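Colleague: Read top to bottom, the protein sequences are chains A and B. So the first sequence is numbered by my numbering: it starts at 302 and just counts up by one. So the second sequence is numbered by my numbering: it starts at 302 and just counts up by one.
Treat the hints with care, as some may be off.
Intra- or inter-copy, both count: the list cannot distinguish identical chains.
Stated by the list, open to error - SDA-like mimics (lysine to any residue), calculated; alpha carbons at most 20 Å apart, straight line: (1) K379 - G450; (2) K451 - E431; (3) K379 - G429; (4) K379 - E431; (5) K585 - S387; (6) K616 - N449; (7) K314 - G599.
The set of hints was computed from the structure by calculation and includes no laboratory data. All values derive from a computational prediction rather than experimental measurement.
For reference, the chains in residue letters:
Number of protein chains: 2
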Amino acid sequence: MNYVIGIDLGGTKISCALSDFEGNILEKHIMLTEADKGEEVVLNNIIKSIKSLMLMSKKNIKDVKAIGIGAPGPLDAKNGIIVEPSNLPFKNFDIVTPIKKEFNTLVYLDNDANVAAIGEYMLGAGKGTENMIYFTVSTGVGGGAILNGKIYRGRTSNALEIGHTTIDPTSTVRCNCGNLGCLEAFASGTSIAKRACEAVISNVETTLKNYDKVTSYEVFKEAEMGDKVAISIRDTAFRYLGIGVTNTISMFDTDMIIIGGGVSKVGQVMFDKIQEVIEERGLKTMTEGCRILPAKLGTEAGVIGAVALALSEYK
Amino acid sequence: MNYVIGIDLGGTKISCALSDFEGNILEKHIMLTEADKGEEVVLNNIIKSIKSLMLMSKKNIKDVKAIGIGAPGPLDAKNGIIVEPSNLPFKNFDIVTPIKKEFNTLVYLDNDANVAAIGEYMLGAGKGTENMIYFTVSTGVGGGAILNGKIYRGRTSNALEIGHTTIDPTSTVRCNCGNLGCLEAFASGTSIAKRACEAVISNVETTLKNYDKVTSYEVFKEAEMGDKVAISIRDTAFRYLGIGVTNTISMFDTDMIIIGGGVSKVGQVMFDKIQEVIEERGLKTMTEGCRILPAKLGTEAGVIGAVALALSEYK
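Could you put together the complete structure from these sequences and hints?
Modeller: Structure (structure tokens):
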């Protein structure tokens with residue numbers, strides 16, 4: 302029998318999974334990344350992780366046809382190079398070659414958002430679509446595209462930087478990228494929390510408190526309890542997100558938009574706001590047949606996506 | 302020898318060209334569309350046009366391997382159907398089947414912007430690129446995408462409706478599509494002219510006059526002569542266009558953006574403004590290697606693009 306391995310390389314932990322060719326997960330393994338110990342330690346931890354997974358599963362590594370790795374960007378997917386992520390010790394590090402050598406199998410690398418897009422397309426909410434965009438709304442706002450049934454990466458493998466499109470040119474809100482008025486500066490979890498902190502330290506009447514630290518979770522909770530300031534912060538963020546989604550449909554003429562990431566856990570209220578904006582601003586010919594759905598893979602998106610990456614590249 | 306035919310079906314005239322497989326135009330023919338006489342007359346004019354072209358060229362129709370037709374949208378490229386363009390009498394009209402039957406060869410249909418994109422990619426400024434977006438800035442603002450070396454059409458074959466992405470959500474300027482703050486409502490020739498008319502009828506001091514009717518041409522001319530109102534109208538339009546271009550690079554991670562259409566004839570001043578916005582708002586990893594170039598095919602884009610459509614679909 303043939304297998305693939307998916308690896309979700311995060312700043313805190315390395316999640317590994319063994320899967321058959323149908324995407325059924327047979328075995329999982331999780332260990333600490335130990336990012337602070339440098340690139341060689343992290344690389345060795347990935348190798349250890351794969352070896353443990355094989356031991357646990359009692360399968361033979363010779364039957365593993367491909368390994369997929371999802372890692373934080375920026376990275377160069379074509380050449381298997383992790384460029385310089387903020388939470389890992391790698392700098393222009395070729396992660397594919399040593400793992401390929403160690404296990405004598407095919408190894409593929411892609412960024413988190415692309416890996417999640419491939420995962421949703423092959424094994425999640427996007428099954429059966431042709432043109433599908435995955436949005437992740439969490440600390441940042443990113444995306445991945447499946448076009449004509451294949452991942453679309455672009456020239457530098459950084460396509461779908463949705464979070465850094467200018468969504469309001471009149472805005473003076475500065476994004477982490479340096480630009481003013483980016484989607485990420487309005488709709489990410491970080492920016493929702495930032496707006497809440499601004500409200501708390503101002504004299505506005507709100508039930509938002511400076512607990513330990515306000516996060517988007519508190520904003521959504523207080524909004525649900527009826528706090529007007531929290532409602533306004535939440536709805537403003539989701540309206541901007543709705544514009545981003547609508548613009549994406551106009552550009553890509555998609556079958557489906559899938560939204561995942563921590564912020565999307567708020568659920569229906571987010572999808573309702575997005576739908577409102579689509580109806581207000583979209584081109585009916587394109588929007589009417591395009592479904593907007595929540596991601597299905599949830600917290601496992603990284604490792605299941607990495608399995609899907611291995612499957613899609615190998616096939 | 303093998304040939305293809307390209308047809309540019311416009312509201313006023315039908316332009317036809319015979320080409321070899323290298324894209325060398327061997328013969329051209331132009332006749333009136335007679336759009337006011339209804340769909341059957343227009344269809345017969347296309348057929349007449351092809352027959353005249355073959356007679357003039359002294360080639361055999363049996364050696365014509367494919368016919369490409371570029372027509373105004375909206376249309377359904379996959380099924381060869383012209384949906385309901387404003388300047389042609391067709392309504393959900395299958396234009397491909399009768400021409401296919403008449404000449405017993407392959408016939409392909411696509412919209413103006415896609416055809417121009419394929420033309421620039423195969424025979425114009427985009428040769429040798431992999432991921433290229435073509436912008437047309439004229440009466441409206443539209444686009445076409447070549448991704449991984451192939452035209453990308455999307456679910457309803459309407460991808461790249463760049464003109465109808467919301468570029469300023471705070472704006473009260475209404476676009477023809479009904480939405481507020483679309484790129485087309487700021488950067489098209491029509492909207493530049495509209496801003497100029499508003500200026501002329503107001504009491505603002507300007508050298509813009511209500512000649513017969515102000516067009517973007519007059520705005521660019523007066524701007525060049527130093528009129529501050531004209532400069533402001535022009536530069537505002539090009540700044541919005543720059544945001545549209547920058548957002549497109551962030552979404553598609555392109556090798557090249559090509560800009561054509563009547564408004565782009567103003568030349569360097571437009572490209573300079575766009576470049577300014579890209580440097581201000583773009584992600585360097587993506588923008589630094591992406592070239593922004595004027596279209597090369599000019600007024601022939603339609604018919605040469607249709608030739609390219611036939612070549613690309615046949616091969």
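Colleague: Taking the hints in turn, state whether each one holds.
Modeller: These are the hints, each one checked on the structure:
In the homo-oligomer, the alpha carbons of K379 and G450 lie at most 20 Å apart both inside one protomer (19 Å) and across protomers (16 Å), since each shortest distance falls under that limit. In this homomeric assembly, K451 and E431 come within 20 Å of each other (Cα to Cα) both inside a single copy, at 8 Å, and across copies, at 15 Å. Taking the shortest Cα distances, K379 and G429 sit within 20 Å of each other only across copies (19 Å), while inside one copy they are farther apart (26 Å). Taking the closest pair of Cα atoms, K379 and E431 come within 20 Å of each other only across two copies (14 Å); inside a single copy the shortest separation is 23 Å, beyond that limit.
Proximity of K585 and S387 under a CA criterion of 20 Å is satisfied inter-copy only: 17 Å between copies versus 40 Å inside one chain copy. When the C-alpha separation of K616 and N449 is checked against a cutoff of 20 Å, the pair qualifies both within a copy, at 16 Å, and between copies, at 19 Å. With identical chains, the CA atoms of K314 and G599 are at most 20 Å apart within one copy only, with a shortest distance of 17 Å there and 55 Å across copies.
Going down the numbered hints, you'll see the structure goes against none, and every one checks out.
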